[in-house]
Amino acid sequence: MLKLSGELDVASSATLEQSVAEAADYDRLVIDLSDLQFIDSTGLSVLVAAHQHELAAGRDFCVVQGPSQVQRLLALTGLEQRLTVADTLEQLLTSG
Amino acid sequence: MFNELFQVLAEAVTVQDPDGAVVYANAAALRYLGFDSLEQLQTTPGTAIMERYLVEDEHGVAVSYDQLPSVRTLRGESPEPLLMRTVERATGELRWTLSKATALRDDDGDVLGALTVLEDLTAVKSAEIRTGVLAASGRILSTTLDYHKTLRNVAEVAVPSLADYCGVDLVDMGGLLERVAACHRDPDQQGLADSLRGLPPAYLQPLHPAARVLASGTSELFEEITDEQLREMARDEGHLQALRELAPRSLMIVPLRVPSRIIGVMTLATDASRRRFVTDDVELAEQLGRRAAVAVENARLHTKLADVAVTLQGVLLPRELPQIPGWELASLYRPAETDLRIDVGGDFYEFFEHGGTWFGVFGDVTGKGVQAASLTALMRTGARVACRMEAQPAAILSRLDEAMAQESGKALCTALCMCLHRDHMVISSAGHPPAIIVSEDGGLREVPTAGPVLGAFPDASWPEENVPMTPGELIVFYTDGVIETPGDVGRFGADRLRELLSSQGNASPAAVVERLDAELNAFTGGAMLTDDVAVVALRARPA
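As they're listed, the protein sequences go chains A and B.
Residue numbers for the first sequence follow this note's numbering, so the first one is 1 and each next one is one higher.
Residue numbers for the second sequence follow this note's numbering, so the first one is 1 and each next one is one higher.
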């Protein structure tokens with residue numbers, strides 16, 4: 001699980017990309033956006049790339065929903081419908 | 001006892017009587033002055049010894065016999081030590097000598113003679129000059145990107161510390177050698193140096209020493225250049241005449257080398273100083289040449305890059321908005337600052353006509369700079385082509401999605417695509433912030449609803465929305481760079497944008513865009529933009 005905080009933008013996206021690439025030995029990747037204050041389109045592109053990568057590898061990929069700006073952008077760009085998005089981490093864990 | 005003491009001293013010591021005759025010289029002094037025995041020295045007049053050398057002070061001013069510390073001491077003066085730069089006429093050897101003279105007096109204070117110590121400072125001064133030349137070259141090479149000026153500066157550093165004359169030639173695109181800088185120590189000879197610089201670029205015979213240096217990368221040193229060798233260098237009789245007038249004694253040609261190749265040569269010569277170059281001089285000149293070459297290469301690359309930037313901008317910037325009959329349009333395009341000074345970004349817009357109907361595409365490719373901009377070209381051209389196949393906003397977005405998925409790696413694109421009619425607009429969104437419609441009374445509507453971003457999902461489709469519009473209503477498209485622009489009080493934000501637009505119901509599109517630009521500027525406090533910003537405002541003219 002990767003928990004993000006602060007801002008995910010052009011400047012910080014490379015770090016997340018790196019972390020996703022380094023994650024190993026798992027069957028489900030969760031990126032927790034609940035503490036993320038800001039995301040821009042470059043940040044979204046990293047989420048999409050992770051989604052495509054996990055899909056190709058046959059693994060689960062889930063996102064924990066973030067605050068309003070993050071929600072708005074996920075909804076606007078259609079990611080909300082296409083990624084597995086949970087409202088909270090607990091919800092995700094109990095649903096198995 | 002003094003004799004024994006003086007004999008073991010490294011410094012040269014001489015003692016002269018009040019008439020100037022040498023009464024004593026230690027072994028070091030005989031060696032230094034080039035004599036085998038004291039008798040030989042004693043039978044040679046001081047002025048004759050002086051004649052063997054070209055003597056200058058450290059500022060390059062000639063020193064006469066009367067100014068020597070020993071001579072002045074015998075005249076009853078108390079001279080300061082004198083640092084002399086001497087070149088032996090016969091051999092061209094350069095030496096730096098510090099001469100200190102002390103009066104020998106009797107009990108009454110009358111001068112009995114002069115004791116002179118000559119200290120050889122050649123090694124110290126050479127190192128100092130070397131450091132000075134390299135330090136000066138470092139300073140001047142970093143000051144300008146105009147490489148002709150850079151090379152003139154290099155020539156001026158080399159003269160006079162290293163040589164009396166310095167010329168710099170560069171190989172041009174056609175392989176011709178062109179003299180780009182020339183400097184002479186003697187202002188009277190500068191005209192001659194300039195005339196050499198004025199020669200047209202020339203192809204050099206393979207045997208020309210400069211051609212050999214260009215081919216081999218190895219410096220050529222002519223310690224004592226002969227008329228025969230001058231002839232080899234001359235292109236014609238006039239050139240030979242000029243070279244003879246310059247009358248070089250010693251000449252070296254060093255390569256201007258960058259890692260991949262040799263871009264030219266630097267020629268250094270001595271004449272008036274009669275100095276002969278030694279291998280240390282070649283080494284210093286080579287270092288100067290390397291530095292100059294790197295500076296020239298950097299300046300050239302910079303110039304090329306600037307050319308590339310202009311070309312790229314022409315292709316990658318949004319075109320000027322077309323005149324659309326019945327519509328008023330205005331746009332704002334401000335790419336974020338990047339390291340390369342190429343002002344292009346990932347935001348784009350394009351308006352085009354098909355079958356009498358006008359279409360527009362407005363969007364934002366993720367990322368910044370040239371990489372993002374290259375994809376905007378794909379989107380702008382792609383939209384035009386797609387429109388010819390199926391003139392529907394949703395279908396155009398679908399084609400752009402395919403293009404994006406094929407081309408971009410992990411980059412995404414958000415976009416709005418619209419078809420303009422006087423009483424309505426058909427509009428489709430691919431994850432792009434909605435357009436804002438401003439009615440004349442300041443009321444706002446946002447259209448259309450969201451659709452998936454381009455390049456992300458293989459099975460996506462895009463809804464189309466039919467938006468009724470009354471002529472006179474203003475519609476504003478913007479990229480997220482507008483609302484995400486950071487300032488001292490957070491981000492610019494959608495609320496601030498809406499508030500501003502709501503007050504602009506009656507303003508012209510140009511005035512709205514201008515106002516928004518000013519507000520953004522004020523919001524950032526004039527700071528550089530961290531994200532691209534684009535806005536297009538349009539309004540159908542009331543019939």
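Hints are computed from structural coordinates only; laboratory data are not their basis.
Keep in mind that a hint or two might mislead.
[As the list claims (entries may be wrong)] Cross-link-like lysine to aspartate or glutamate pairs, in silico, DMTMM-like; alpha carbons within 20 angstroms at most:
#1 K3(A) with D35(A)
#2 K125(B) with E56(B)
#3 K410(B) with D9(A)
#4 K410(B) with E22(A)
#5 K100(B) with E223(B)
#6 K410(B) with E80(A)
[Stated by the list, open to error] Just a sample of chain A residues kept apart from chain B, beta carbon distances all over 12 angstroms, derived:
#7 K3
#8 E7
#9 A23
#10 D27
#11 F38
#12 L47
#13 G58
#14 R72
Beta carbons: idealized from backbone N, C-alpha and C, even for Gly.
Comparing the hints with the structure gives:
Straight-line distance between C-alpha atoms of K3(A) and D35(A) comes to about 8 angstroms, which keeps the hinted pair within the 20 angstroms bound. Restraint check: the Cα-Cα separation between K125(B) and E56(B) comes to about 14 angstroms, which is no more than 20 angstroms; the hinted pair holds. For the hint linking K410(B) to D9(A), the alpha-carbon distance of about 15 angstroms falls within 20 angstroms, and the restraint holds. Between the alpha carbons of K410(B) and E22(A) the distance comes to roughly 18 angstroms, so the proposed pair stays at or under 20 angstroms and holds.
About 32 angstroms separates the Cα atoms of K100(B) and E223(B), which puts this hinted pair outside 20 angstroms; it is violated. Among the hinted pairs, K410(B) with E80(A) is consistent with the structure: their alpha-carbon atoms are about 18 angstroms apart, no more than 20 angstroms. Under the 12 angstroms C-beta cut-off, the non-interface status given to K3(A) relative to chain B holds; the minimum distance is some 22 angstroms. Not every CB of chain B is more than 12 angstroms from the CB of E7(A) (nearest about 10 angstroms), against its label as outside the interface.
For A23(A), the requirement that its beta carbon stay farther than 12 angstroms from each beta carbon of chain B is met, with the minimum near 17 angstroms. With 12 angstroms as the threshold on Cβ separation, the claim that D27(A) sits away from chain B holds: the shortest Cβ distance comes to roughly 23 angstroms. The Cβ of F38(A) does not lie farther than 12 angstroms from every Cβ of chain B; its closest approach is about 8 angstroms, which violates its non-interface assignment. Not every C-beta of chain B lies more than 12 angstroms from that of L47(A), the closest at about 9 angstroms, which undercuts listing it as non-interface.
Every CB of chain B lies more than 12 angstroms from the CB of G58(A), the least distance being 16 angstroms, so the non-interface label holds. Non-interface call for R72(A) relative to chain B: violated, since the shortest CB-CB distance, roughly 9 angstroms, does not exceed 12 angstroms.
Going through the hint list in order, the structure does not satisfy hints 5, 8, 11, 12, 14.
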